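S.K.: Residue strings, one per chain:
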Amino acid sequence: MASGLRILVPVKRVIDYAVKPRINKAQTGVETAGVKHSLNPFDELSIEEAVRLRERKGPLKVENILALSAGGPKTPDVLRTAMAMGADRAFHIDVGDSADGGPEPLTVAKMLKAVVEKENINLVLLGKQAIDGDQGQTGQMLAGLLGWPQATQASKVDVKDEAGTVEITHEVDGGVETLRAKLPLVITTDLRLNEPRYASLPNIMKAKKKPLEKKTLADLGVEDTRRLKTLKVTEPPARTGGGKVEDVDGLVSKLKELGAL
Amino acid sequence: MVNNELRRQVIGIYKELLWLGREYPLGFQYFRDRLHRAFAGQAHVTDEDQIRKGIARAEFVKKEVEALYYLKRYRTLKQRYESP
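As given, the protein sequences belong to chains A and B, one line each in that order.
For the first sequence, our numbering gives the first residue as 1, with consecutive numbering after it.
For the second sequence, our numbering gives the first residue as 1, with consecutive numbering after it.
One or more of the hints may lead you astray.
[Said to hold, decoys possible] In silico SDA-like pairs for lysine to any residue, Cα to Cα no more than 20 Å straight-line:
1) K15(B) to P202(A)
2) K62(B) to Y30(B)
3) K72(B) to P21(A)
4) K63(B) to I51(B)
5) K72(B) to I15(A)
6) K72(B) to D16(A)
7) K36(A) to Y30(B)
8) K20(A) to V233(A)
9) K53(B) to Q42(B)
10) K36(A) to L77(B)
11) K72(B) to L191(A)
12) K36(A) to G21(B)
13) K118(A) to W148(A)
14) K156(A) to E82(B)
15) K53(B) to N4(B)
16) K74(A) to D97(A)
17) K15(B) to M205(A)
18) K74(A) to E104(A)
19) K182(A) to R54(A)
20) K208(A) to R197(A)
Hints in this document: simulated from the structure, not taken from any laboratory.
For clarity, every value in this text was computed on a predicted model and none was experimentally measured.
If we strip away everything but chain A, and leave its shape as in the complex, we get (with noise of 0.2 Å):
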């Protein structure tokens, strides 16, 4: 049907993966102010996927790969960071910064729809979660939004003919499994999908020439309703250390006392 791939790419911007995250005073987040922030890495991987796409030079060609991420005003850095690595134009909605790591995944996933039916997409790549928020759903649920197949956690993508069958290879439990699909399709990725390239500093200086479109989810049609609460973050408890027992007569005891005998 197509003639040739045209990519979404959602992107998010979260607390870098080296940072350990704070929780604030009040018990309703993580600190974020002054916190290292940078793209999401399995994001990461999806746009090095599309651009991997592209210099495969497979039987469909890829004729354009958007970046698209929703969030507050410094988001358009990990957008610049995304046309670096060879996305070719990036959409910014602005949905102001949130101490609850942005709109809910139900959200998002209205939004991206609004963008695949306005921008014509084929193919939407997404990381499998956010390493902040780790829900997990935006993929699936975009899926189910547009009725499209779906392939989730691809450890290989491999589009197969002109017609546009793409065969993804994702990890189960003791092997791998192969689907089929035609497009239009949603694939989120993997750990080993692939090993991004460093966004290194020319590609960085020409990704500042690459257009950005700042939108609004009113533009797009959507509201930010939430249907999810934070009660309440807090820390896990902190490991507490084993203690030794002298002997075998000890450790029954212990055992005992402990209830497991």
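Go by the hints and put chain B onto chain A.
M.R.: Structure of chain B alone, referenced to chain A:
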């Protein structure tokens, strides 16, 4: 007689390495000091072939640092999300 093309290349790779150094696990200061020392130590080199070799070595170091970052992140994520 200074070869301007080579000069441009050397400055270019120095800047790229500096850019990479921002995320160095031991800190940017650590990385920059060593990077600066490595380049300053070669400042007297005038032979063009030697300079080209130096640039090639810098490119190699750049690839190594990129690989280091990738592996560090991959291992951390694997440990967080995939270890049972």
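S.K.: Against each hint, give a clear statement of whether it holds in the structure.
M.R.: The hints, checked one at a time:
{"no.": "1", "hint": "K15(B) to P202(A)", "verdict": "holds (10 Å)"}
{"no.": "2", "hint": "K62(B) to Y30(B)", "verdict": "holds (16 Å)"}
{"no.": "3", "hint": "K72(B) to P21(A)", "verdict": "holds (18 Å)"}
{"no.": "4", "hint": "K63(B) to I51(B)", "verdict": "holds (19 Å)"}
{"no.": "5", "hint": "K72(B) to I15(A)", "verdict": "holds (16 Å)"}
{"no.": "6", "hint": "K72(B) to D16(A)", "verdict": "holds (13 Å)"}
{"no.": "7", "hint": "K36(A) to Y30(B)", "verdict": "holds (19 Å)"}
{"no.": "8", "hint": "K20(A) to V233(A)", "verdict": "holds (15 Å)"}
{"no.": "9", "hint": "K53(B) to Q42(B)", "verdict": "holds (11 Å)"}
{"no.": "10", "hint": "K36(A) to L77(B)", "verdict": "holds (17 Å)"}
{"no.": "11", "hint": "K72(B) to L191(A)", "verdict": "holds (13 Å)"}
{"no.": "12", "hint": "K36(A) to G21(B)", "verdict": "holds (15 Å)"}
{"no.": "13", "hint": "K118(A) to W148(A)", "verdict": "holds (16 Å)"}
{"no.": "14", "hint": "K156(A) to E82(B)", "verdict": "holds (18 Å)"}
{"no.": "15", "hint": "K53(B) to N4(B)", "verdict": "holds (16 Å)"}
{"no.": "16", "hint": "K74(A) to D97(A)", "verdict": "holds (9 Å)"}
{"no.": "17", "hint": "K15(B) to M205(A)", "verdict": "holds (13 Å)"}
{"no.": "18", "hint": "K74(A) to E104(A)", "verdict": "holds (19 Å)"}
{"no.": "19", "hint": "K182(A) to R54(A)", "verdict": "holds (18 Å)"}
{"no.": "20", "hint": "K208(A) to R197(A)", "verdict": "holds (18 Å)"}
The structure agrees with every numbered hint stated previously.
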